[in-house]
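Chains as they are written, first to last, in the working numbering: chain V, 5 to 340; chain F, 5 to 340.
Heads up, a few of these hints could be off.
Pair by pair, the computed Cβ-Cβ distance ranges are [claimed, not checked]:
no.: 1; chain 1: V; residue 1: Arg-266; chain 2: F; residue 2: Leu-334; range: 37 to 43 Å
no.: 2; chain 1: F; residue 1: Gln-108; chain 2: V; residue 2: Ala-237; range: 50 to 56 Å
no.: 3; chain 1: V; residue 1: Asp-240; chain 2: F; residue 2: Ala-227; range: 30 to 36 Å
no.: 4; chain 1: V; residue 1: Arg-269; chain 2: F; residue 2: Ala-210; range: 54 to 60 Å
no.: 5; chain 1: F; residue 1: Gly-180; chain 2: V; residue 2: Asp-178; range: 47 to 53 Å
no.: 6; chain 1: V; residue 1: Ser-203; chain 2: F; residue 2: Arg-336; range: 37 to 43 Å
no.: 7; chain 1: F; residue 1: Ala-115; chain 2: V; residue 2: Asp-178; range: 35 to 41 Å
no.: 8; chain 1: F; residue 1: Ala-210; chain 2: V; residue 2: Leu-89; range: 46 to 52 Å
Think of the hints as simulated: they come from the structure by calculation, not from any bench.
Note that CB positions come from ideal geometry on N, CA and C, so glycine has one too.
There are 2 protein chains.
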Amino acid sequence: MAATIRDVAKHAGVSFKTVSRVLNGEATVRPATRQRVLDAMGTLDYTPHHTARQMRTRRSNTIGFISDEIATSPFAVDIVKGAQLEAWQHGMLLLVVNTERDGQHEADAIATLLERRVEGIVYAAMFHRSVEPNDRLRQVPAVLIDCFEPNGRYHAVVPDEEQGGHLATRTLIDHGHRRIGFVNLDPVASAAASAGRLSGYRRALAEAGLPFDPELVRHATTAPDQGYTLTAALLDLEDRPTALFCGNDRMAAGAYCAIYERGLRIPTDVAVIGYDDQEEIAAYLMPALTTIALPHQAMGRWGVQRLLELVAADDEPPTVAAPLRLTCPLVRRDSV
Amino acid sequence: MAATIRDVAKHAGVSFKTVSRVLNGEATVRPATRQRVLDAMGTLDYTPHHTARQMRTRRSNTIGFISDEIATSPFAVDIVKGAQLEAWQHGMLLLVVNTERDGQHEADAIATLLERRVEGIVYAAMFHRSVEPNDRLRQVPAVLIDCFEPNGRYHAVVPDEEQGGHLATRTLIDHGHRRIGFVNLDPVASAAASAGRLSGYRRALAEAGLPFDPELVRHATTAPDQGYTLTAALLDLEDRPTALFCGNDRMAAGAYCAIYERGLRIPTDVAVIGYDDQEEIAAYLMPALTTIALPHQAMGRWGVQRLLELVAADDEPPTVAAPLRLTCPLVRRDSV
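This is chain V alone, in the form it adopts within the complex:
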């Protein structure tokens, strides 16, 4: 028999109300007490949203969609689109709320969605990163998109950065390149993507028997000049690279400026491969940019699919698998 909120209270030696406060993410619970309650939930395999679901009297056919900051990463809007298409196919509507990466906004957003009796919530980040959602999110089935919770409390889907970095590098190697510059993303701000792709880059080099030359790898900050500036530095090396892997298509646009400024041609003198498949950039550069796509729409669809499975399931499996990694495909244009 499934554990109830009262079982949890008894096991943790606290009142029913305290457990409820923890579930509601209220700040009034002392950290030690909160931890005791969460431990008791773990021991008893208590799934909070089971209770919440029973409390609901009827289906709302509505799913909440919480995103951190659509505005600063508009290209990731395909996540919303994928989620909408999938929801629509199941007769569900999305209630979309933006948190602007503000903790209080997020708590309010979740509370509002719960009041509207959403059947579940997808929680999307606009770039691949670690998140710690407000505990209230546990009151309904929830799935994370393009982000993950470090303790594995939620089902999650993310891009396979290692595979993407490998594919980009392998594509350049297949075109005969031996010295491949890599303008990687900021290793702090974009830790997951930066580390995964670097590891894919190294694996592709190793598989081809090519040496890893640290001088060819530059880590960008988040400043917009970095594609230009770091490419300029790579091209001014005595033994300059003949190919360039850019951490995103925006930086590739800056890289084009540095390459052209030196009177070099793309791809004859320097081949360029980007990342993201931000079509509004990639297709408009000349030559059009070959790049690795982020599976935004697929992640949006998968997130809602998985969420609807969780909503339909009577018993959610107590363990959550590692984030599902979706393949980042190659989009061939003319720059390699």
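Since chain V is already given, all that's left is putting chain F on it; use the hints.
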């Protein structure tokens, strides 16, 4: 006293059910009959949503947001953001639905939103154009964003393209340029923006006493190579322009490639100004692109504001003003 649906039926000489069919946008009504019903509504000053509003038993605190195609113009996502911020401030949530510019999708979307008892609907296009929304939209208060209905049936907000074209050209003139190339948007696909900006371009030239040289104006198709190709043609003129006004920032990225390829410098040899302020392109080019911003977020906010006024008003004014035109501001970076 306000006209009822029965008054309309009587005046048009049709059944109550036929009027209802027209309001529901059903295809089963013959065009001539439909016209008679619409004429009767006009004569009697009948406002369909008044009835619909009375039918609602309680406030839903929800607004519908219908958009045509977020996916292909992700930069316009700021419209959604502006709408969300404004709705949020009034304790309202947005139900966001995408129609993919498909008539059946649109009819379904409106029907679904009405079932959810939304208090009103904002209908947003992802670029400035003429639209003819499904008649069902008239059942609740509705406001158009970044689009307009040619017969003026709806309140609408659009960018002031003429002012933006004038500001772009004037900015280049103020920097001493006398021969200003203009790579304009497709005159069919982007009719509103293309015509408005050309008219602003001409006014700025005339005000400065500069001749209008048709050879300097090129009209793009929607193909992504056009920024590059048309700029190349302008630069290969015997008396080449010293400055370039590009119809959007995407085409400006292609223009940079053509300029650099010829060994020319920006802005020393050729100044460039874009349109849209698509930051993910404009900030990443080197030099960063000076451009004219589209007031996406402001349009989103205004649309919801106006909608909430219409929802609150007992009597909607029977006449609808011309679309409100919002100013497109200059965003100074380093390319002029």
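Results for each hint:
Judged by the Cβ atoms, the range 37 to 43 Å given for Arg-266 of chain V and Leu-334 of chain F is violated: they are separated by roughly 31 Å. A C-beta distance of roughly 54 Å is found between Gln-108 of chain F and Ala-237 of chain V, which places it inside the suggested range of 50 to 56 Å. The given range of 30 to 36 Å is respected by Asp-240 of chain V and Ala-227 of chain F, whose C-beta atoms sit roughly 35 Å from each other. Roughly 41 Å separates the CB atoms of Arg-269 of chain V and Ala-210 of chain F, a value that falls outside the hinted 54 to 60 Å.
The supplied range of 47 to 53 Å is met by Gly-180 of chain F and Asp-178 of chain V, whose beta-carbon atoms lie about 50 Å from each other. Between Ser-203 of chain V and Arg-336 of chain F the C-beta distance comes to about 41 Å, which sits within the given range of 37 to 43 Å. Checked against the hint of 35 to 41 Å, the C-beta distance between Ala-115 of chain F and Asp-178 of chain V comes to roughly 51 Å, which is inconsistent with it. The supplied range of 46 to 52 Å is met by Ala-210 of chain F and Leu-89 of chain V, whose beta-carbon atoms lie about 49 Å from each other.
Hints 1, 4 and 7 from the list above are not met by this structure, while the remaining hints are.
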